[in-house]
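K.L.:
Next come the chains, spelled out residue by residue.
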Amino acid sequence: MSQDHDPLVDRITQAITRRHLLQVSAAAGLSAFLAACGTAGTKSPSTSASAAAATGTPSPTGTPGATGTPGATGTPGSTSSGATPPAGATGTPAAETPAATETAQASQPLGTPATSGSFKMATWIGYIDVGTGKNKKDHPSLIRFTKETGVDIDYQEAVNDNESFFASNLKGPLETGQDTGWDIVVLTDWMIIRLIKLGWLETITPMGNFPTNLLDVYRTLEWDPGNLFAAPWQSGMTGLGFDKAKTGALTSLSVLFDTTYAGKLTYLTEMRDTVGLTALKLGSDPTTLTQDQFDAAIAAITQAVKDQIVRQLTGNSYVEDLLRGDIVLAMAWSGDIQGLVVPEQSKDQDFQWQLADEGGMLWTDNMAIPKGAKNKGQAETFINWYYIAKNAAQVEAWVNYVCPVVGADVEIKKIDAALATNPLIFPTPDMKARLHQFVALDTDVASAWETAFTGAIGQ
Amino acid sequence: MSGLLRRHPTAIAYALLAPGLLYLLVFYLVPTVQMFLVSLWTGNLQDGYSLTFNFSIYPQALSHYWDQFVRSIVYGGAATILTFMLGFPLAYFIAFRGGRYKNVLLFLVIAPFFTSFLLRTLSWKLILADDGLVLAPLKSLGIVPDGFRVLATPVAVIAGITYNFLPFMTLPLYVALEKIPPSLLEAAEDLYASNWQRFRRVTLPLALPGVIAGSLLTFIPAVGDYVNAELLGSPQSQMIGNVIQARFLQVGDYPTGSALSFILMAAILVGVLIYARIVGTEELLGGASA
Amino acid sequence: MTATGVATTTARVDVARSRGTFFQRFGRGMDRWLLPIYVFVAVAFLALPVLVMIAFSFNDAGRSNVRWQGFSLDAWLDPLGRSGLQAAVFNSITIALLATVISTILGVLIGMALVRHVFRGRGITNLLIFLPMSTPEIVLGTSLLTLYLNLPGILFPLGLHTILIAHVMFNISYVVVTIKARLQGFPRHLEEAAMDLGANEWTTFWRVTFPLILPGVMAAALLAFSLSIDDYVVTSFTAGQTPTFPLFIYGSQQRGIPVQVNVIGTIIFATAVGFVLLSTLLSRRQKLDPVEATVDE
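One line per chain: the protein sequences are F, Z and S, in this order. Residues 1199 to 1657 in this note's numbering are what the first sequence spells out, letter by letter. Residues 5 to 294 in this note's numbering are what the second sequence spells out, letter by letter. Residues 16 to 312 in this note's numbering are what the third sequence spells out, letter by letter.
Heads up, a few of these hints could be off.
[Unchecked claim] Covered stretches of chain Z (chain F as the covering partner; in silico rule of three or more C-beta atoms under 8 Å from a C-beta of chain F): (1) 29 to 36; (2) 145 to 158; (3) 187 to 196.
[To be verified] Which chain Z residues face chain F? A few, computed with CB under 8 Å, are given here: (4) Pro23; (5) Leu66; (6) Ser67; (7) Gln242.
[To be verified] What follows is a set of in silico ranges between Cβ atoms, one per label pair, in the way DEER data are often shown: (8) Val58/S / His12/Z: 51 to 57 Å; (9) Ala15/Z / Pro202/S: 22 to 28 Å; (10) Ile278/Z / Leu296/S: 15 to 21 Å; (11) Leu296/S / Ser187/Z: 29 to 35 Å; (12) Pro230/S / Phe152/Z: 30 to 36 Å; (13) His12/Z / Phe225/S: 22 to 28 Å; (14) Gly103/Z / Pro1541/F: 53 to 59 Å.
If you're looking for bench data, these hints aren't it; they were derived computationally from the structure. C-beta atoms are modelled at their ideal positions from N, C-alpha and C, and glycine is treated no differently.
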């Protein structure tokens, strides 16, 4: 099949050189993230100041679309204040890039938020707040979004793992230059890198809040300088999820590989999570994983499968397996246990999530707009809306993941003061020291590793 | 026109056949050829594929996924035998002892299969859960040990397949048994044949077309099944269908997926064609008509 | 004829009771008691998952419908109240209806040719019809997908049309087989009589042939519809991102099955059962019709 891109795509992909993408992204991304994670946790006074400024600027009400006067939000005045670097930014170690960020931003005129229409978003479960009692099927933040902007959202929890979503939803249409039907897809960094490389994403037109209100740490990503393609939705950690009532407190990854809970535990179908945790257990660093270390990890996984220690490899369905009591331990994503499992646990279950002593994986799921999306303007309106601290905080208070929006930490205290110290939302320095991102892979290596991984899990 | 057709009755036959057969030609035979060609591609999902007549993929795929092939045949075979052992008494009873409840019983056998295949299988996952409807009481009574489980074992996969394909065995058996005139069985009895002899020498041979049709209708889909292994199995009980599915829909490795799919089809077709040679194509269709 | 058959058999068994070895008595005991008990257990076993499905449609569950949490009619009062479910059910019904109509027409034509005509190439025709039935679903799905992949712009990207093509394909064979079984012993003399009375082929077909084969056509259509609406495997390869009800079930199985899925499953089940009962009732009533009665005997 031909891989010809249209000229626009070529222009964009040339702007970001391939070598950059492949070689630097992981290492740079990690150090930057760890360095600047502090922005959210430790430097809250300064960020809150910038947040206040940022949220205040685009529209006095803090609801850009609701004003219904596109002129007001698109005024040059708001552009200049929007482009002002956040107060906290200059203090961070990885601050060389804001200049580049600003250039990229400055080159793009601010977009105008849509005030009508609708768009379709594909995301994961447990990534949105839900109502209580009678409204337990509603998503209050999304209802508010529609009320404030006039844009309808078709929010679908359609992603179960990156590779299958790519193969079943994106590859076909994008390869033939057709619309995928999705206006926003929420996918993990490495998949976004692949999509950028293929030229299969639209650039996100800034509308005042994004990328202005994006935490600095995310602005230094080598694979998306200027934050043209990816708007982080949540970051999260991969660690141990377990039923404390059955297992007691667990802190070491070794329980995933010995026979104590044989047949009562699951791994993840995401190669980077499962191989990453296995590598950590074996004492290697996933950030710089070598072929030998990868092979060793695969051997350990193969052995665990052969010894019937692993019951299944799952996407999000470990949530159901835990609740059903079929498993008592899982490789789990940090927010899922608190957000999805605990609310439904029975009296004799006590679910916990723990970052293991050996460490855990760190990743970011990003909103991106697939090439040719029909409702790009509406999608951008949503991204812009989410990047208002108050709105992100409302989502965050429920989902228990790490929030990328400046000032959300201040806003979240207004919802529940206890949340501001929730280590799932604001990892402690000690936790940050134990988090790793998975090494960035060249296309050939990536597919060879995927193949080796699926082989290890019986497919 | 009408006159033409009257003078050439075969022309009518061909006119009747043409649309349907053409359809099958375009959407059954052509895709099969296409799949074979795709299996000879090389490349990857991101850079694209090209046809390089890479025949070496066949021995590679076969040796790499040998375990899953063998497992599929073993599971499929076990499920076929089990459906026969469970389905034969059922069909026998309905055919000979059903009386006026014959249709009601037949209906009770078929009715569950008007439920979605996936929902039925997921129901079993609920019923057989480690602390579920069946195992929790057994565990609290101490009949099975605490760590005992059914799900995520080969037993669960085979049981799931057996359940899901039981009507495919029972119905052809019923049709065959129903055709046996009771007078033949009476004659056997008059000749002092024991129950066992009567069954062995009269009933079973006459039911043979049903046995063969039922076995084919069960074994073929069972070997290619992956839903039961996926929902009820573990990484240790993955069948060839799981591999094909993962290659196509998760990894996007079309050549390997196509090669495996082609091997599976070829293996089954060779078996069926040998069978068609023996019993004739009309019989094949007649037997399957249950 | 069946009833008398059973009666004679029972009589024989009674006569035979007075004699026989232990094994024969054991065999008879099995025949008398064990077999009925077995059938009862087997029918219960077959029905169990369906009963569980129906029961859990009344569960007062949150995100995960995996544990009984109390009785609730919520899902029944709002059976399509999950995002994406309505579109999936609508697609499934649309595809099943279209696939049923198309495959029934194509299949009935083939069936009539096979039963009523002598022609060359019969063996190969039978083979071409038998092949799709003897090919595992996963092979049908993957081979069609490879065809679609190679026809970008025509059959790719995937969508409703590619699912429809696939469903018609696997339905045809089942329709032919059903029709063939029903057409065997077709009263040709009625058609000949009509022709003798001056009716042309067209009139003969609609006034004589069609009413006679209608029950068979209905049975075939019912089978095609139920195969199509429940198909997961072939659909998963040919759907792209078009949701159908089985695809929705599978997707939510990974993310938490909403109670509504059980509700829709129960409705489909009840509808199918209703249809079968109705058609049995109708065909029983039709036997009062003199022509049908003669055909039957």
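K.L.:
Are the hints correct? Go through all of them and say.
P.N.:
Hints and how they fare:
Only when three residues or more bring their CB closer than 8 Å to a CB of chain F does the claim for the segment 29 to 36 of chain Z stand; here the count is 0, and the claim is violated. With a threshold of 8 Å between beta carbons, the proposed coverage of the segment 145 to 158 of chain Z by chain F holds, since 4 of its residues qualify and at least three are required. Coverage of the segment 187 to 196 of chain Z by chain F is violated [criterion: at least 3 residues with CB-CB distance below 8 Å; count 0]. Nearest Cβ of chain F to the Cβ of Pro23/Z: about 29 Å, over the 8 Å cut. The hint is violated.
This hint is violated: Leu66/Z has a C-beta 15 Å from the nearest C-beta of chain F, more than the 8 Å allowed. Violation of the interface hint for Ser67/Z is found here, the shortest Cβ-Cβ separation to chain F being roughly 12 Å, above the 8 Å cut-off. With a least beta-carbon distance of about 4 Å to chain F, the hint placing Gln242/Z at the interface is held under the 8 Å criterion. Range check, Val58/S to His12/Z: about 53 Å between beta-carbon atoms, so the 51 to 57 Å window is met.
Our hint of 22 to 28 Å for Ala15/Z and Pro202/S holds, since their Cβ atoms are close to 24 Å apart. Roughly 44 Å separates the CB atoms of Ile278/Z and Leu296/S, a value that falls outside the hinted 15 to 21 Å. Under the hint 29 to 35 Å, the C-beta atoms of Leu296/S and Ser187/Z, about 32 Å apart, fit the expected range. For Pro230/S paired with Phe152/Z, a C-beta distance near 50 Å fails the hint of 30 to 36 Å.
Taking 22 to 28 Å as the suggested C-beta distance range, the pair His12/Z and Phe225/S conforms, at roughly 23 Å. The supplied range of 53 to 59 Å is met by Gly103/Z and Pro1541/F, whose beta-carbon atoms lie about 54 Å from each other.
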